[in-house]
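So the sequence lines, in the order shown, correspond to chains A and B. Under the UniProt record's numbering, the first residue of the first sequence is numbered 1, with each subsequent residue one higher. Under the UniProt record's numbering, the first residue of the second sequence is numbered 1, with each subsequent residue one higher.
Check the hints yourself; a few may be wrong.
Heads up, the list lumps identical chains together, so a pair's fine if it works in one copy or across two of them.
Said to hold, decoys possible - In silico SDA-like cross-links for lysine to any residue, where the CA-CA straight-line distance does not exceed 20 Å:
#1 Lys6 - Glu18
#2 Lys190 - Ala21
#3 Lys190 - Met249
#4 Lys6 - Tyr45
Treat the hints as calculated values from the structure; they're not laboratory data.
There are 2 protein chains.
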Amino acid sequence: MTDIPKSHPRYASLMARERIADGVRNGITSAQGMIAQGRGETFDYILGERTMRSADRATLAAAAALLLAERPALSVNGNVAALVPAEMVELASLLNAPLEVNLFHRSEDRVRKIADLLRSHGARMVLGESPDCRVPGLEHSRALATRGGIYDADVVLIPLEDGDRCEALVRMGKTVIAIDLNPLSRTSMKASISIVDNIMRAVPNLIGKIRSLSGSPREDLQAILRDYSNRNTLSDALLEMQEYITARMRELDTAGRSAGR
Amino acid sequence: MTDIPKSHPRYASLMARERIADGVRNGITSAQGMIAQGRGETFDYILGERTMRSADRATLAAAAALLLAERPALSVNGNVAALVPAEMVELASLLNAPLEVNLFHRSEDRVRKIADLLRSHGARMVLGESPDCRVPGLEHSRALATRGGIYDADVVLIPLEDGDRCEALVRMGKTVIAIDLNPLSRTSMKASISIVDNIMRAVPNLIGKIRSLSGSPREDLQAILRDYSNRNTLSDALLEMQEYITARMRELDTAGRSAGR
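When you get a sec, could you build the whole thing from the sequences and use the hints?
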């Protein structure tokens, strides 16, 4: 791993990039996963590399939905495994939920490596190595699912997921929680709850909110969900992107004036 | 190469991604180049994946600067070589300018492969394999340069370049032309002329403008340069990004209303 000083203004972003590069080297992450990471970096940059108020509200709603779930399940792909393996295991343990490995570019070797990685972090229930059913409406190996995991779940967390699979899970009647830095993606548009935040901030934040809400009466959790609008959340995220760009334009104007042009 | 139907709405973007993936497989592009490609994809998406008016103006100014140059030089790295090798060779031939391979993550093997690729496309003057001097203010192998190439050039084209190297070349007194999809990057901010456009559109556009300007009197070319403001160009690019986000927000509002939420 390249040595990055903690004082670097973009330390967190560079560390995430290193984790993805390590994931590719270790056979956890696909090469295409590096392009996905790059796309996310730009959105995070335009959002100011911080958890927006709207993302925090979405995370609270996600915590409530996961606590109310009868059969929650957590999806893990190669980028998720590279970026937050310990945190996903902690989340699964808190919720007593299975982790299910699901890959866009499936290879049995990669599925096994990711499952082993999760188990090395203490995961007790890891699915995905022996799928026994299919998500309707998806092609090829992307449809593969497991009974007792995502297939039967009422609430599913799908971090860094593609739009097709998000839509297919919504069509099955599930409450789908996405973590996706692009507020305009099909995943964000179609999910029940879209957390527009960097996964490295979002999962720890989700764990914290689940901890603090875990003693709450069901009615309070239901009220949180009732008050939540995913459309408003995405609209607010776009508004915050605009504000960032406007602020940068002002800086540019100031710099331009002081340079005399 | 994955088979992508030409009818796909994001065909050009997916083809570019395939070229980068092929570049990594063939040892032309570094793995980090895939993350850079992903970052670019997001900016291109926010710009609507088309050449903006401001980018077209910058390309015109770049054409004028290259035609007025006494010793132009063109820099080529692993992403440039993967995306537009034939076009860079055509540009070099039009300008009778050297192509110089310069890598952020230098390896002699990769330099040689890129030089061979450019020669296979007909390049007559390829430098970078035997650097004989250094760009002041840069560390390690990134400083390596060649006399008769970028080191002595008065006008340098640096597509997909990092901010450090851009700044160092500007400090040497050169006219530096960048091609960079991030209007907020240090490269865009520091370059003399910043073309905020996808390199796969920008280089053919630059070739076309050089062809149509090549018979013009020097005074006309000088007037184009005099009228050009890089600050205004970047400001306009940011404005077009904002307009795109505003348009997407409106769509979201309409979709939200029709869904009754």
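Outcome of the hint check:
For the homomeric pair Lys6 and Glu18, the shortest alpha-carbon distance inside one copy (14 Å) is at most 20 Å, but the shortest distance between copies (34 Å) is not. Proximity of Lys190 to Ala21 under the C-alpha cut-off of 20 Å is found in neither arrangement, the shortest distances being 30 Å within a copy and 29 Å between copies. For the identical chains of this complex, Lys190 and Met249 are inter-copy neighbours only, at 15 Å across copies versus 32 Å inside a copy, given an alpha-carbon limit of 20 Å. Taking the shortest alpha-carbon separations for Lys6 and Tyr45, only the intra-copy value of 18 Å comes in at or below 20 Å, while the best inter-copy value is 31 Å.
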